[in-house]
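*Asks:* Sequence:
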Amino acid sequence: MATRMTGKLSFVAALAIVPWLVAPAPVAIAQNAAQELPSVANLADRLLPSVVEIAVESKATGGAAPNIPVPEMPENSPFRDFFEDFFKRQQQGQQNRTISSMGSGFVIDATGLIVTNNHVVEGAEQIEVHFQDQTVLKAELVGRDPKTDLAVLRVKPTKQLPIVAFGDSDKLRIGEWVMAIGNPFGLGGSVSLGIVSARNRDINAGPYDDFIQTDAAINKGNSGGPLFSLTGEVMGINTAIFSPTGGSVGIGFSVPANTAKGVIAQLVKYGETRRGWLGVKIQSVTDEIAESMNMPKPRGALIADVTKEGPAEKAGIQAGDVVIEFNGRAVNQMRDLPRIVAETEIGAKVPVKVLRKGQEVAVTAEVGRLEDGEKKVAQQDAGSGGVAAPAVVTVLGMTVTSMTSELREKYKIDKEIEGAVVTEVAAEGPAADKRLEAGDVITEAGEQKVAGASDVSTRVEEAEKANKGSVLLLVAKGGKQAEMRFIALKLKK
1 MATRMTGKLS FVAALAIVPW LVAPAPVAIA QNAAQELPSV ANLADRLLPS VVEIAVESKA
61 TGGAAPNIPV PEMPENSPFR DFFEDFFKRQ QQGQQNRTIS SMGSGFVIDA TGLIVTNNHV
121 VEGAEQIEVH FQDQTVLKAE LVGRDPKTDL AVLRVKPTKQ LPIVAFGDSD KLRIGEWVMA
181 IGNPFGLGGS VSLGIVSARN RDINAGPYDD FIQTDAAINK GNSGGPLFSL TGEVMGINTA
241 IFSPTGGSVG IGFSVPANTA KGVIAQLVKY GETRRGWLGV KIQSVTDEIA ESMNMPKPRG
301 ALIADVTKEG PAEKAGIQAG DVVIEFNGRA VNQMRDLPRI VAETEIGAKV PVKVLRKGQE
361 VAVTAEVGRL EDGEKKVAQQ DAGSGGVAAP AVVTVLGMTV TSMTSELREK YKIDKEIEGA
421 VVTEVAAEGP AADKRLEAGD VITEAGEQKV AGASDVSTRV EEAEKANKGS VLLLVAKGGK
481 QAEMRFIALK LKK
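My numbering numbers the first residue of the sequence shown as 1 and each following residue consecutively.
None of these hints come from the bench; they were simulated from the model. Even for Gly, the Cβ is constructed at its ideal location relative to N, Cα and C. Hints may be right or wrong, so weigh each one.
[Stated by the list, open to error] Okay, the calculated beta carbon distance ranges per label pair:
(1) Glu437 x Glu57: 44 to 50 Å
(2) Lys449 x Ile163: 56 to 62 Å
(3) Asp168 x Glu366: 27 to 33 Å
[Claimed, not checked] List of simulated lysine-lysine pairs, DSS-like, C-alpha gap at most 25 Å:
(4) Lys376 x Lys415
(5) Lys477 x Lys492
(6) Lys412 x Lys480
(7) Lys147 x Lys376
(8) Lys376 x Lys480
(9) Lys308 x Lys415
(10) Lys159 x Lys220
(11) Lys465 x Lys449
(12) Lys492 x Lys434
(13) Lys357 x Lys490
(14) Lys314 x Lys220
(15) Lys415 x Lys449
(16) Lys465 x Lys490
(17) Lys297 x Lys281
(18) Lys480 x Lys490
(19) Lys349 x Lys314
(20) Lys490 x Lys477
(21) Lys353 x Lys449
(22) Lys357 x Lys415
(23) Lys465 x Lys434
(24) Lys308 x Lys449
(25) Lys353 x Lys281
(26) Lys410 x Lys375
(27) Lys261 x Lys349
(28) Lys375 x Lys465
(29) Lys434 x Lys269
(30) Lys171 x Lys138
(31) Lys281 x Lys138
(32) Lys353 x Lys308
(33) Lys410 x Lys449
(34) Lys59 x Lys220
(35) Lys147 x Lys220
(36) Lys314 x Lys415
(37) Lys412 x Lys434
(38) Lys220 x Lys261
(39) Lys147 x Lys297
(40) Lys147 x Lys281
Take the sequences, apply the hints, and build the full model.
*Replies:* Structural data, given as structure tokens:
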């Protein structure tokens, strides 16, 4: 510490000796450009009564109980049965112990509807809501949604509760002031101020990630609390933090209000979500894939697989199509599509624009229900060839063999998968670069079906003659229908 202080003093002295090194104080600039930091005192007074603490009790059943050793005793000891029974009850008590946890929430309806995070109340046996005026009410779970980490509770108040309203989170700009209120570490009614650091963050928390990032202090216990604009509207629900220590390091994430509003309305009305479903597996369009498909730049969501008898198949959407617009809304990147489809009314017949082999194609899809679609996919997932000498080719750093019953059995390839099997991958080469492995099955190459190994080499030759930089393959990873994805392999120049 002394060394650092000495260094600092020496630097200041040097500046005093050489005055031309010292920049003039920017008094005029400060007076003209500096803005007074906003006061949120009046806003906090108004909003605090609507923000609540949520106390949850749950059972730690199913977890690993501490191993309590039973003392060794002779077989004929009169105390043997007593001690065995005693220690058995101790272990059962540890397994069924009650766990207490806390979170935050906020009132959206004066009759007692409260919003919080799913992870705050998941597995709860008892939920209590603590208000700013010291009132404590028992709460019941109305509904919850793990995919967006949202939940709705209901209490029965004896008087009308103060409420807050959702704003339009799409209007939030990076750099705008926001205020978080919650119950960090059990310290209820805590207010923190910060700015919007970023928008549309994908933190791999779920299929609909679109988080607001803020540097307003968010800690354990803030989960489920509101993120307010300076006009007092709820712009987000504080959900997660990035922290190596468990405390705030200035990187917090909130579910946007515009994502939450539809989910909450469904939970209140039905007690569950009812999302739209298209019935496709999708992946991102990379630079290499865009080049191989003659697209000027990467955009849209690439269809890797289509669910049998799903809305997409009925609409004529095919694997290899790139969805660029759904129901009049642009699909700029892969993760836009699940969110747009989910927000679409079930049963609606909507226009869909796709790119197919470089051409725009318009189709109409009738949106299904995601929850029903997931059951159908699960049922399909639950639910030959001769011994002729296989054709074998070596191309782009891999050995590819036509499908045989022996290869299907060896690599446990799904019965509905047809194509050419990757049987060997060189340590270096385009195939190794894209992590292709023995047992992967190439079902399409150059946007055409693959019947055998020779088709793969033919498509590669065609792409080389066309002076393409890469060839697009549709691959069933591990030979599994559920793991279909497009992979662009670079061609030799």
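*Asks:* A separate judgement is required for each hint: does it hold in the structure or not?
*Replies:* Hints, verified against the model:
Taking 44 to 50 Å as the suggested C-beta distance range, the pair Glu437 and Glu57 conforms, at roughly 47 Å. Checking the proposed 56 to 62 Å range against Lys449 and Ile163 shows it holds: the Cβ atoms sit about 58 Å from each other. Between Asp168 and Glu366 the CB atoms are about 30 Å apart, so this pair conforms to the stated range of 27 to 33 Å. Our distance criterion of 25 Å between C-alpha atoms is met by Lys376 and Lys415, whose separation comes to about 18 Å.
Distance check on the hinted pair: Lys477 and Lys492 sit about 24 Å apart at the alpha-carbon level, within 25 Å; holds. Of the supplied pair hints, the one linking Lys412 and Lys480 holds, its CA atoms being roughly 8 Å apart against a limit of 25 Å. Restraint check: the Cα-Cα separation between Lys147 and Lys376 comes to about 19 Å, which is no more than 25 Å; the hinted pair holds. The straight-line distance between the Cα atoms of Lys376 and Lys480 is roughly 17 Å, inside the 25 Å bound, and the hint therefore holds.
Pair hint Lys308 plus Lys415 holds up; C-alpha atoms about 15 Å apart against a cutoff of 25 Å. Between Lys159 and Lys220 the CA atoms are separated by roughly 30 Å; this puts the pair beyond 25 Å, and the hint is violated. At most 25 Å may separate the alpha-carbon atoms for a hinted pair to count; Lys465 and Lys449 meet this at roughly 19 Å. This hinted pair checks out: Lys492 and Lys434 have alpha carbons roughly 15 Å apart, not beyond 25 Å.
A C-alpha spacing of about 19 Å is found between Lys357 and Lys490, which places the hinted pair at or below 25 Å, so the restraint holds. The hinted pair formed by Lys314 and Lys220 fails the criterion: a straight-line CA distance of about 47 Å is larger than 25 Å. Distance check on the hinted pair: Lys415 and Lys449 sit about 17 Å apart at the alpha-carbon level, within 25 Å; holds. For the given pair, Lys465 sits about 14 Å from Lys490 by alpha-carbon distance, which is consistent with the 25 Å threshold.
At roughly 21 Å between alpha-carbon atoms, Lys297 and Lys281 fall within 25 Å of each other, so this suggested pair holds. For the hint linking Lys480 to Lys490, the alpha-carbon distance of about 24 Å falls within 25 Å, and the restraint holds. A distance of roughly 12 Å separates the Cα atoms of Lys349 and Lys314; the hinted pair therefore holds under the 25 Å criterion. The hinted pair formed by Lys490 and Lys477 meets the criterion: a straight-line CA distance of about 19 Å does not exceed 25 Å.
The hinted pair formed by Lys353 and Lys449 meets the criterion: a straight-line CA distance of about 23 Å does not exceed 25 Å. Simply put, Lys357 and Lys415 have alpha-carbon atoms about 28 Å apart, too far for the 25 Å limit, and the pair is violated. Annotation: proposed proximity of Lys465 to Lys434 holds, straight-line Cα distance about 22 Å (limit 25 Å). With a CA separation close to 17 Å, the supplied pair Lys308 and Lys449 stays within the 25 Å bound.
Of the pairs offered as hints, the one joining Lys353 and Lys281 holds, with about 17 Å between alpha carbons and a cut-off of 25 Å not exceeded. Distance check on the hinted pair: Lys410 and Lys375 sit about 29 Å apart at the alpha-carbon level, beyond 25 Å; violated. Using a Cα cut-off of 25 Å, the hinted pair Lys261 and Lys349 holds, with the two alpha carbons roughly 23 Å apart. Of the supplied pair hints, the one linking Lys375 and Lys465 is violated, its CA atoms being roughly 45 Å apart against a limit of 25 Å.
For the proposed pair Lys434 and Lys269, the alpha carbon gap of about 46 Å is over 25 Å, so the pair is violated. Our distance criterion of 25 Å between C-alpha atoms is broken by Lys171 and Lys138, whose separation comes to about 36 Å. Annotation: proposed proximity of Lys281 to Lys138 is violated, straight-line Cα distance about 42 Å (limit 25 Å). With a CA separation close to 20 Å, the supplied pair Lys353 and Lys308 stays within the 25 Å bound.
Taking the CA atoms of Lys410 and Lys449, the gap is about 23 Å. The hint holds against a cut of 25 Å. Simply put, Lys59 and Lys220 have alpha-carbon atoms about 20 Å apart, close enough for the 25 Å limit, and the pair holds. Distance check on the hinted pair: Lys147 and Lys220 sit about 20 Å apart at the alpha-carbon level, within 25 Å; holds. Annotation: proposed proximity of Lys314 to Lys415 holds, straight-line Cα distance about 23 Å (limit 25 Å).
Only pairs whose Cα atoms come within 25 Å are accepted, and Lys412 paired with Lys434 is accepted, the gap being roughly 22 Å. Taking the CA atoms of Lys220 and Lys261, the gap is about 24 Å. The hint holds against a cut of 25 Å. With a CA separation close to 31 Å, the supplied pair Lys147 and Lys297 exceeds the 25 Å bound. A threshold of 25 Å between alpha carbons decides the hint, and for Lys147 with Lys281 the separation of about 17 Å falls inside it, so the pair holds.
Comparing the model with each numbered hint stated earlier shows that hints 10, 14, 22, 26, 28, 29, 30, 31, 39 do not hold.
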